[in-house]
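**Q** The whole structure should be built from the sequences, with the hints applied where relevant.
Here is what each chain is made of, one letter per residue.
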Amino acid sequence: MMGSSNRIPGKGNLSPAKTVSFTFDGRTLTALEGDTLASALLANGIHLTGRSFKYHRPRGILTSGPEEPNAVMDISRDKARTQPNVRASVQEVFDGLNAKSQNRWPSLEFDIGSINNSMSRFFPAGFYYKTFKWPQSAWDKIYEPVIQKAAGLGVAPEEADPDSYANQFAHCQVLVVGSGAAGLTAAMVAAKSGKRVILCDERPEFGGSLLSETQTTIDGLKATEWIAQTLEELHSLSNVILLKRTTAFGYYAHNMITLNERVSDHLAAPHPDLPRERLWQVRADQVILATGAIERQIVFPDNDRPAIMLASAARDYLNQHGVTPGHNIGVYTACDSAWSAAFDLKEAGIEIVAIIDTREDIDAELLGRANDLEIKILKAHKVTATTGYLRVKSVSVEPLSGGARQKFEIDCLIMSGGWTPSVHLFSQSRGKLKFDEANGRFIPDVYAQNCICVGSCNGTDELSDAIIEASTAAGEKHQLDIEYAPSMDGHLIGSPHNIDSNRHSASFVDFQNDVKASDIRLAVQEGMHSIEHVKRYTTTGMASDQGKMSNMHGLSIAAQVLNKDIPEVGLTTFRAPYTPVSFGSIANHSRGELFDPTRRTAIHSWAAENGAVFEDVGNWKRAWYFPKAGEDMHAAVNRECRTTRDIAGIFDASTLGKIEAVGPDAVKFMNLMYTNPWDKLGVGRCRYGIMCREDGYIYDDGVIARLAEDRFHITTTTGGAPRVLNMMEDYLQTEFPDWKVWLTSTSEQWAVIAVNGPKARQIIEPFVEDIDLEPEAMPHMSVREGKICGIPCRLMRVSFTGEVGFEINIPADYGRSVWEAIYAHGHPMGLVPYGTEAMHVMRAEKGYIIVGQDTDGTVTPQDAGVGWAIGRKKTDFVGIRGLKRPDLIAEGRRQLVGLKTKNPKTVLEEGAQIVDDPNQSVPMKMIGFVTSSYWSEVLGQSIALAVVENGHSRLGETLYVPMENETFEVEVTSTVFYDPAGERING
Amino acid sequence: MLLIHCPYCKEDRPELEFHGAGEAHIARPENIADISDAEFEKFFFIRENQKGLVFERWRHLNGCGRFFNAARHSVSDKFICTYKAGEAKPEITEEQLASVLPPARGDK
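Each protein sequence line maps, in turn, to chains F and P. Note that this note's numbering gives residue 466 to position 466 of the first sequence, counting from 1, and the numbers run on in steps of one. Quick note: to get this note's numbering, add 987 to the position in the second sequence (first position is 1).
Note that these hints are calculated values from the structure, not bench results. A virtual CB, placed ideally from N, CA and C, is assigned to each residue, including glycine. Be aware that one or more of the hints could be misleading.
If you want the ones that stay clear, here's a sample from chain P, every Cβ over 10 Å from chain F, calculated [said to hold, decoys possible]:
1) C996
2) E1004
3) K1029
4) E1035
5) N1036
6) K1038
7) L1040
8) I1079
9) T1080
10) E1082
Among the chain P residues that face chain F by a calculated CB cut under 7 Å, a handful are [said to hold, decoys possible]:
11) R1015
12) I1019
13) F1031
14) F1054
15) A1072
16) G1073
**A** Here it is in structure tokens:
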């Protein structure tokens, strides 16, 4: 690449011919196609990528993978497509990508917040718990606005997410997670045996860590050639699904695994039809976890300066992207794999200043190669200090046994504290781990599901062993001829060599949450002896990287201070997601119109065309009121009520729940489910029924029509239909399975048009065939089958207004045409459409309850004033025993009453509390509350329903409703405000 | 997400299709109107809520609509068996129970 001395010609897999342009903090930079944002920045010599969470310390790129704690950025295409906290080591660059560093002001190089660093002794472990206590007023003035703002990482986008996300359910016989040597082998063996296989890998390319093994050969092929050949074969098989850029992030019960596939985040101009991400919900017979291992840092003073990075990351950038992170590189390690990185860099022409190894005994072959390459070796040494503010400049070392200190000038330090097996998914599957003392790591031990771990996630480090293990797990043992396999020997956890280091320096355990070794020690000293407490007190492992690099260090340091063995201290719990998953992917299609289904009646479109304002009732859209020009809601509702009582109103009651109960035992069943007696209800008659639960409280109500000896048309409340049917089915299937009754939900099959008012009969009469509508032939609470507008109908004479009322049930498809016919005829006579608000007012004027509004699950039929609906002679019904419970028959129950305000113009607030003495001291004794409250235009005054202690014996009493600024005086009345004699309904 | 075997459909189906319906084998007393307060309390309010082997009711609501019973381990979430409503509570053998136990702690 032009002018970049960090691109090493001949190294990596990227083509120098394919360049892309992106910006970082406003600077336009060039990268190669296939670069990650991290490799592109390194190619441009940029290590400083952000400021740390708490102390605002300069931070750089630490890793080359999803475990990255430091280089997290704000990535955007446009204003709405902005995502904070994206890991630069995962994000692929594309033409036009904009990257912005986070948590710095005014700029990344000069950040005011870094004053926190010099004050770091004031921010120790448990800082939040120690500080955010008092005084109360500091919350508003200091803690919230100042401290919360100073800490943190990205900023959430302000616009709605314009992208779409897809969801895919999938089933397979074998799901392989991870496509390194072990994963590819397992997938291949399983696929060749004919099984349906899904192979997923979180990276943009398959191959895992093999992609950086330039020396290794497998069956005589270079590692990259072996990967290519294996993939070619897998691609040719129709029983294999290969998913790259796909993270397995959750492992749930019964081998259910969730995958997040990033479909278009790497594309410069994604096709608009492409989803941004796809959520896979996979059910697998067998899961093979080949998730590899993650390299750890070493915990030493000032180990967080930019250009201090993992050895494996340096090697990945060199061997995959052709980028070197520096030109005078120091190596600090406790593990063989870092030596391989040093050799690769040296052979690419990069100066290796020294390899500093904490170990005394080092493999002779490594020593030999280092000598051949003329690399300085410091055995049994440790790093004691580093310098360099925006980039590391020097490293100081001394022998572990003490002695002369040496200082080296460097521009990059690579390190390896060994490898932590990625047991996240295994642990999520509820498998149990064991501690491998010799290698300082937790590895899978007891499985909880049909799952098997292979390769380095299982602690199997040798490549040849991993291949045997993986192939055996997939059904057939294979052995491949491996040469120059990488070695992962050696480890270092905790900070055993830096216990007494200068307490003003900072040895970071958790980079993302700014947790130092000294914080963990302090937490233990302050009494946090459980690792779960240490974690929460120090916040180690609680950042978006979930402690992928820090957990083993934190645990080891805590164990050391506690003077316990690591397994005694134990690990914190691994939880999904493995890496952060976007809300978009999880919300998926459940947004906007698809968030929750909307139910519309057959008459909805007519109401919409005629100016209705709608309200949501459950999932239903219901016409609330029909304002005329210039009318507000109040005026419209007043007009609808008055006109319905004077002439007639038409109302869409289609949302009523409807259940058809049929069979020889139907009447027996009705007797069981409802408190009322049903034996004597004649065919062609209707009855208002109350349904209780076994505890005696009202569960639902509705009018029930007997169409035949063995057939009932049941109506339920609008919201209650599913639960009522569920309860009925429960009794029928499990308690009385021999009864011959069949239940069918018919809520959506029938459209229901209610016509109420003195002229209701006159309005519908011309359309009705085969039914005599005269009051003597069809009195209140009767049902007839016949035709209306030539269409078969069930016509009920029922009323929820107290006026003469007809409810016309017709097949839903005819709902709108019948409605229109009736309206066209009735409108010239004065018929008005009315909505749910007028319906509520008119039913309240008559004292008709609404279950769920005037009852709340603790109200019995007696409490609600409908005790008459209980069949006194019945020997059984649901709730018969519950109603006899001592508390339900005791004095002092809250009972439903009417309320009239002393000032007739005052409309009480629903939910307002009621007291009997307004002069008592606060808190007052509340004796009830308002359940329904309206302005009654017909009565010229406000009306309310309320539940009040001993309400039924308080008629005529004066009570009080204290509100914030005023106390209202009310009189307890009957619940029936309008036409108490009930004469109008029989007209 | 659990995979549940519906004894009526005779198929393993995802949990999304089912609703839990509480503890199984609690029969509604035939003389319910006459039972004592203590008996009613036991019938209506008291539940075992055991850690370990549980007998529970499910309904294949978004499927065949049938209620049925299951024997499940409440820690491992594994099912021993499902069976039709009205069938006797099955005897669970030691082997059956052992097959659904959560893994014992590996280390220690």
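**Q** In ascending order, which of the hints set out earlier in this document are inconsistent with the structure?
**A** none
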